[in-house]
Structures are given as structure tokens and as C-alpha cells.
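2 protein chains.
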Amino acid sequence: MAEANKFVLWNWDDMYEYSRVLAGKMRADKFKPDAIVAIARGGYVPARNLCDQLGVTDLLSIKVDHWGITATRDQEGARLRYPFTAKLAGKKVLLVDDIADTGESFRTALPVLKALKPASIKTASLFLLENSKFVPDYFASKREWAWMVFPWNFTEDMAVIVGKLFEEKRGAKTLNQVSAALLEKNLHVPKNKLADALNELAARGDLKETVTDANEHAWTKGGEKVGNSRAGAGRAAKVPRPGSRRKHR
Amino acid sequence: MAEANKFVLWNWDDMYEYSRVLAGKMRADKFKPDAIVAIARGGYVPARNLCDQLGVTDLLSIKVDHWGITATRDQEGARLRYPFTAKLAGKKVLLVDDIADTGESFRTALPVLKALKPASIKTASLFLLENSKFVPDYFASKREWAWMVFPWNFTEDMAVIVGKLFEEKRGAKTLNQVSAALLEKNLHVPKNKLADALNELAARGDLKETVTDANEHAWTKGGEKVGNSRAGAGRAAKVPRPGSRRKHR
Chain G
0 MAEANKFVLW NWDDMYEYSR VLAGKMRADK FKPDAIVAIA RGGYVPARNL
50 CDQLGVTDLL SIKVDHWGIT ATRDQEGARL RYPFTAKLAG KKVLLVDDIA
100 DTGESFRTAL PVLKALKPAS IKTASLFLLE NSKFVPDYFA SKREWAWMVF
150 PWNFTEDMAV IVGKLFEEKR GAKTLNQVSA ALLEKNLHVP KNKLADALNE
200 LAARGDLKET VTDANEHAWT KGGEKVGNSR AGAGRAAKVP RPGSRRKHR
Chain V
0 MAEANKFVLW NWDDMYEYSR VLAGKMRADK FKPDAIVAIA RGGYVPARNL
50 CDQLGVTDLL SIKVDHWGIT ATRDQEGARL RYPFTAKLAG KKVLLVDDIA
100 DTGESFRTAL PVLKALKPAS IKTASLFLLE NSKFVPDYFA SKREWAWMVF
150 PWNFTEDMAV IVGKLFEEKR GAKTLNQVSA ALLEKNLHVP KNKLADALNE
200 LAARGDLKET VTDANEHAWT KGGEKVGNSR AGAGRAAKVP RPGSRRKHR
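In order, the protein sequence lines correspond to chains G and V.
Numbering-wise (numbering that gives the first Met the number 0), the first sequence opens with residue 0 and increments by one.
Numbering-wise (numbering that gives the first Met the number 0), the second sequence opens with residue 0 and increments by one.
FYI, nobody ran anything at the bench for these hints, they're computed from the structure.
Values in this document were obtained by computation on a predicted structure and should not be read as measured data.
Some hints here could point you the wrong way.
Where chains are identical, the list cannot tell them apart; a pair therefore holds if satisfied intra-copy or between any two copies.
[What the hints assert, rightly or not] DSSO-like cross-link-like pairs, simulated, lysine-lysine; straight-line CA separation at most 30 Å:
#1 K86 / K113
#2 K29 / K141
#3 K116 / K86
#4 K192 / K29
#5 K207 / K91
#6 K86 / K121
#7 K132 / K207
#8 K141 / K192
#9 K190 / K207
#10 K168 / K116
#11 K168 / K121
#12 K91 / K141
Only chain G is shown next, with the shape it has when bound in the complex (with noise of 0.2 Å):
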């Protein structure tokens, strides 16, 4: 198993050149989707980007809810918030996410798209952990757990993150303190990307800007309330594990 700290933190131009590699193998396999479906949210960026790349102008969304982020998979659900109803009926059909991790995802939205009897349906996501329960027909990289920083979900991912960090040791953190803080769990955050995320997490409320005894900016806790966002809202105690994922992407 892998450990839980172990983060990948992914830039823009690397999503855009995975969904090429996605691109490229479908090309290779002559398959041309008629619609992609993206799995809300995680599968935004890669659905876009894949329409651009394989010149594909039908795109819908279907938006999978998570629950549970828990010790052992078997207790993780999902499940549609909404009816989703399209005509695709006869259609080569492309469902694409962010990533396979338990396969969830891929497992509620797929019957949900069969009912609907497109000609065909294939499966897609820039990343399989190998601890899925699902494969996907193409995916870019195959990988031990680990979690994925996506630059889509940079902001909420470093709340919990942060947030997590700032339990374990109270007290104001300067950026730099922050910063050294992540390395020690093997997360590389660039300055100003971090500069930028704990002033939007301050914005947020998560965070409170402060100034330490050596007249030096920093940032703490704001107490019990957690954020002003049902994403965040609970989120900063819970450890990443192998195999869970945050409760929303």
C-alpha cells in the first residue's frame, strides 16, 4: 500500500498533453466518439480538452456525487444528483473523468449511459490507480495511489491539504514555514502558487491572515469553522488514504 502522503501536483500544459496521449490512442484504434460525456466535475478539463483534440462539438455532463471517505473502499458509494437523459441513442458515445482511483464513478455512470442505447461506449480518464476496481478502456498513465493535485482543483485540494497541516501543528505559518511544512510530506507547491492559494483560502475564511511577533505575514486557522464552502466543510481532518478520494471532484 502506498503511503498516504504522497501527492503528484499537476500543471495545465501536462493535462493538455495526457488527453493528446488519450487522443492519440483512439486515433490509433480508429475510434472517433460521436459525443463525449464528461463526469462532473473531474472530467471537465479532460472532456474539453478531448473535443478539442479528436474535433468532437457534441459534449454533455453527468454529474456522479461521492460519499464516505473511509477505511475500507467497500463503504464508498456513489450515485447520480441528477436524471441524466440525452439523446444518444445510436451514437458512439466517450465517458471520460480526471481519473479511475476506486472506479466508482465510471461504474454509476456507465448503466446510466447503456439505458440510453448509444451504438457503442467507451471509457476514458488521463490516469488508472492501480487499486481500481475499474479499468478504462484508454487512459494516459497507469500509477501506484497517490494524490493528484489537479490544476482544476488546486484551490480546494490545497484547503484540505493546508487545512490538514495546520491541525497537526497549531500556530501562525509564514509562507515559507507552509511551504517547508508540504515538503516534508513531499509535496513541492512553487511559491507564488502557494502565496496564491493561502490568500484565496483567507478569502475563503479558511485561513486568517495575521502578522507574527517578528513582523512577519502569516497565516492561521480560523478556529472550529472550517471554510464557507460545503466542499471544504468537514474535509480539513480527514487523511488521505490509498484508495479514497476527497468527497466531491
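Using the hints, position chain V against chain G.
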């Protein structure tokens, strides 16, 4: 009126920053949406980024199709591709697109959302062009008309722009020649990205790879066939005009 040959090539980090500007304006307004609706396809990436920056988990999309790249904007039109139904009653909804160009996408989608009785609807786009008949509640930047090449539409835009280039002046062109011709149109595409695009267009069948008499690697346009994508079909010969967009975003 702006010139037709006015391009702006955006990178991914810029786009995340412009979303951040939008998020900041909404926060200043104390507007926190319960749900974000992306206009497909253009709104997908900004909508996903706003979810991250505002802490919103409820993400949906609505597909608007456009027709007509015409001399007068009055002849343009837009319509929904699929019926849009979602439980938005009583929710604060944010409708997102990448750009308000003619404004048709917003004007088409808004009444559909309104019919679902949300508590309120706000609209947002990264850019507002001066000629737009619709002004979103939030925009990060207002600009004169230009062809905005978004990173999530890079390949398709290059298919149109480079396709036009090959029609204006037939014959094989090396990477340097394509690059120089684009520079004449005030479009600077970094050579590695341009090479990616030319290879992608060759893989799609839009261009053919060849070798010049001087034994240099080059590309030519493959007869009348503009591409194997519906998105590209028939578009290459059309000149972008102020206030008119490509058929699909």
C-alpha cells in the same frame, strides 16, 4: 471595427487567473452560487475553475449550438441541442461561458434556466467583447473584438487558421514558413506548440506531411477535404469577422 486578423493566444495559467478575477468579483459581491451551469463547450474550463475557486460542487452543463458565420450578426442564431432539465428551483445559479462575443449563447440559455425557477441567476464570462449584445453580470476583462484562441480550443482554431493560410497560398510549407505566415497575421504561436498543432492536424487528415525539394519536413493541405471532424468541415475557407464566431464552441 477591428480587423479580421486580430488574434490573442491564451495560455492555461492566464485562464486560471482570469477565473480567479471573476471569483474575486463574486466574493466582493457576496455572491456564492449553489450551482454552476457551464455553457458547452466554451464554458467548461472556466466553470470548472470557478467551482474550485468558489468551493462549489454542483456543476452542470447546457449545450448551445450556433449556426451561421454571416456578414450580419442578425442572421446568426443559437439553440439548445438537448432539452435542459435539472432541479434548480430555489437555487442561486451561475451561468458561465468563456466569452460574450455576440452574446447569443447567454441569450439562448438564460430563459431556459429561468423557466426552472432558480432563486437567482447570475452570468459570467472571462471576456466581454465590445460588440456583444449581452453584458454578463461578471466578466474579467472587456476588450475590442479579437479572435481569442483559448488553450482548450487550440487545435480547432489552428485547423481553421492554418487551413486558411494554406488556401491563401498553396504549396508545401515548413514549420518556419507556417510560423512566419502566422506572424504576418500578428499571431505568434511558439514553435513547439505550432509543431504539435501541425502534427495533430496531419493525424486528423487536415494536413499531409511531406518532404520539400530541399529535403525539409513540410506540410501540405490534403485536397478539398478539410478534415475528418465535423467541427472543421467547411470552416477553413471562412474568414473570422468582428462579432462572428466559429460555428461550434
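Against the structure, the hints:
1. K86 / K113: Answer is both; intra-copy 12 Å and inter-copy 23 Å each pass.
2. K29 / K141: Close inside one copy (22 Å), not across copies (42 Å); limit 30 Å.
3. K116 / K86: both (9 Å within a copy, 25 Å between copies)
4. K192 / K29: between (40 Å within a copy, 24 Å between copies)
5. K207 / K91: between (50 Å within a copy, 27 Å between copies)
6. K86 / K121: both (17 Å within a copy, 28 Å between copies)
7. K132 / K207: Neither: 41 Å inside a copy, 41 Å across copies.
8. K141 / K192: Classified as both: same-chain Cα gap 27 Å, cross-chain 26 Å, threshold 30 Å.
9. K190 / K207: within (18 Å within a copy, 44 Å between copies)
10. K168 / K116: Intra 54 Å, inter 46 Å, cutoff 30 Å: neither.
11. K168 / K121: neither (46 Å within a copy, 40 Å between copies)
12. K91 / K141: Classified as within; 25 Å inside a copy, 39 Å across copies.
In summary, the numbered hints that this structure violates are 7, 10, 11.
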